[in-house]
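Got two chains here, separate frames each, mind docking them using the hints?
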Amino acid sequence: MNFEQLREKIGYHSVLLGVIGLATSAALALANHSTLDSIRAAEAQDLQNSLKQVLPDGLADNDLLKDATEFTRDDGSKVTVYRARLGGDPKGAVFKVAGRGYAGDVVALMGVDVTGRILGVRVIKHQETPGLGDKIEISKGRWITAFDGKSLAEPDTAHWGVKKDGGIFDQFAGATITPRAVVKAVKGGLDFYAAHKSEIFTKPALVAAKE
Amino acid sequence: MTTNYREIAANGLWDQNVVFAQVLGLCPTMAVTTSGTNGLGMGLATMAVLIASNIIISSVRMFVTPQVRIPVYIVLIATLVTIVDLVMNAFMHDLYKVLGMFIALIVVNCAVLGRAEAFAARNTVVASAADGLFMGLGFTLALVVIGLIRELVGTGTLFSQASLLLGPAFSFLEITVLPGYGGTLLMILPPGGFAVLGLLLAARQYMEHRIAQREEAASASPLATA
Chain D
1 MNFEQLREKI GYHSVLLGVI GLATSAALAL ANHSTLDSIR AAEAQDLQNS
51 LKQVLPDGLA DNDLLKDATE FTRDDGSKVT VYRARLGGDP KGAVFKVAGR
101 GYAGDVVALM GVDVTGRILG VRVIKHQETP GLGDKIEISK GRWITAFDGK
151 SLAEPDTAHW GVKKDGGIFD QFAGATITPR AVVKAVKGGL DFYAAHKSEI
201 FTKPALVAAK E
Chain R
1 MTTNYREIAA NGLWDQNVVF AQVLGLCPTM AVTTSGTNGL GMGLATMAVL
51 IASNIIISSV RMFVTPQVRI PVYIVLIATL VTIVDLVMNA FMHDLYKVLG
101 MFIALIVVNC AVLGRAEAFA ARNTVVASAA DGLFMGLGFT LALVVIGLIR
151 ELVGTGTLFS QASLLLGPAF SFLEITVLPG YGGTLLMILP PGGFAVLGLL
201 LAARQYMEHR IAQREEAASA SPLATA
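So the protein lines, in turn, are chains D and R.
Just so we're aligned: 125 in my numbering is position 125 of the first sequence, and the numbers increase by one with no gaps anywhere.
Just so we're aligned: 24 in my numbering is position 24 of the second sequence, and the numbers increase by one with no gaps anywhere.
Be aware that one or more of the hints could be misleading.
What the hints assert, rightly or not - Straight line, CA to CA, 25 Å or less: simulated DSS-like cross-link-like pairs of lysine-lysine:
id : chain 1 : residue 1 : chain 2 : residue 2
1  : D       : LYS203    : D       : LYS52
2  : D       : LYS125    : R       : LYS97
3  : D       : LYS197    : D       : LYS164
4  : R       : LYS97     : D       : LYS52
5  : R       : LYS97     : D       : LYS203
6  : D       : LYS96     : R       : LYS97
7  : D       : LYS203    : D       : LYS66
8  : D       : LYS78     : D       : LYS96
9  : D       : LYS187    : D       : LYS203
10 : D       : LYS197    : D       : LYS187
11 : D       : LYS52     : D       : LYS66
12 : D       : LYS163    : D       : LYS197
For the record, the hints were derived by calculation from the structure and aren't laboratory data.
Next comes chain R alone, as it looks inside the complex (with noise of 0.2 Å):
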């Protein structure tokens, strides 16, 4: 079976992308995405346990029997997820605290869970890890986005704090967009959240919905074309 690499790239940042088209795991999205720089770092730290996750599940597809796979995935992503939060906190204690509150809620994101089932049971081991790596990479795409806009809109700063994420090289980040802005608290609130993924899902909509007009357009008169 051969693997199709950049299908696996459109379908994790686009396509199939975890929040925008797939809309799964938005606990943690609703739930970190009050600025750029915490919507970076659990996108971060989630694709981090997608991949891994992908990978030890393809490497055991072939003991795990249907019938009792959800509990073993289950329990494989927790064990994961918290060695992840051990090890964070003992290695990279900095960045823990300011990561710390996101990695638990790793488990509860279904899109881990999601990959686990639909790509990695039934693909190679580096097939999966790539579908982790772009699946990942979409989902942090995401919340940084919805994160960007709730800050700007909410507080009028882009990536605040992103150097006590990436450390202070990443200092010229932190940009204020609007010095001395009150802030609109309801961005920042859920509601915000929520109103944000709103106004994307339907973008995405829109924007997909014209592309099919054109192709169909396109298709329907291939003279005009030719």
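Isolated chain D, as found in the complex (with noise of 0.2 Å):
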């Protein structure tokens, strides 16, 4: 039997799919092991650089990706907070924080010192309108650093919303949800700051616990 009749049989279209599927998974394996590595260190050193940007200076001499920990929310969910220490005086923490906003969540890194001053704030994920929404970005505009220095008593409750709210954060013309889901996520790391600062500087690191 040559080639062009064992085409015909249908025992071939099947071998034909299972070693196609065969190859690919095998090839789609060998990418991922090949890579996995070099993917971790350039997402540890995207972490490492996003942390920078919300501590000042010198204000830390760990290294805040082993000075990790994990707490749960409220809603279950669960964060990671990076601690900052100079010579082992705690001097601040790092933690994720999210807001729902125009197209998906908006995620943010925020720093806040040991008395729950605001460090600085970077939005690090977001899908919000190329040209409105995305001015939130330190990339497109000065707005993110209006965060820098204020906390929970300065501007108090009433005044943690955008100037359309009463608030006394800027909004942008034609985008309010999206400054507004901002605001609201930073108010909420805040609040996740002060309900756990007893426990943040204490609790065991992650990493260390591990090795």
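Pasting the structure below:
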């Protein structure tokens, strides 16, 4: 039986599909295996860079990625807190907050000092409208720096909102939902910090516990 | 069988242009052409996948039977895109952060499957690679043109953030044409993409029509041109 005849058999089709499936799975497994470490390293580097942006220079001398701990929020979601220490003394905490924006979640990284004052906020992930809502990115505008130095006491709770809602933070022309989501997420982050203040710096580190 | 590379090039760039003639791959076209830079990035990434998928599919074309060709092509293309995604994430991480969201969109670009079906399944590996290259170039060209028009009218700039994609050496491409321009939001939103594409398609039709008319006039009166 030659190849032409073999091609017409129904078994040939099944075997062909099987071989293709097997070969592509193998290729994917190989690609995944050989890129995994590089991707992890690149993502750790990304996180390190973001952490640097929300913490002033010289505030910490420890490796924040290794001094991380995990908390469970009231709604059951997990949050990883990176702790900044200088000579062993607690100096600040960095964690992710998220709010529901116009198109999906807006995820931000925020740094808070021991007294609960904001050191910095950076939006790290969002799908907001380009040209409108994306001004929350530091590369597109200075808006996000308005949070620097703010705390639960300043402004008071009534003023933790965008100007349209009687708060002190600017909204953008044509986009209120996005800044509102960020303000709410940051306020939520401060509440979280206040609620867990006593244990944030004493809880054992995740990575250290595993090692 | 001889391969006419001139025809392959002309097809990819103009006659059978993925966007302007075949009107394929509109999902990525509409989604990413909010700026010239985004269009360029998506175009180049798609071109890489097109070349690779054309090469692989034309090299296995003897074994693939017509009955199961579609699942085979789809699995091959999806695998290829996933590998490109992983490799870029690992070794070109900064570029990946700019292009990352576009890469997965390539799977749904029916232009890739379309070329596998229409060309790679019937031609030699080299010809298929050339077809992928020129189809990809034509796609890139279309995306850059649409992106630049939307960007110019929408935000008053050209190639903004090009240095993020191509490296600092290309920052000269970033031009603010209209300083202090408030921007036209509609052009950045999806309706702007449809409007620009529609106008470009109309312009192409008009040009083709004029060329056809001229040729007709020339052939109808051979004496006048002699």
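Structure versus earlier hints, numbers of those that do not hold, lowest first: Violated hints (numbers, rising): 3, 5, 12; every other hint is consistent with the structure.
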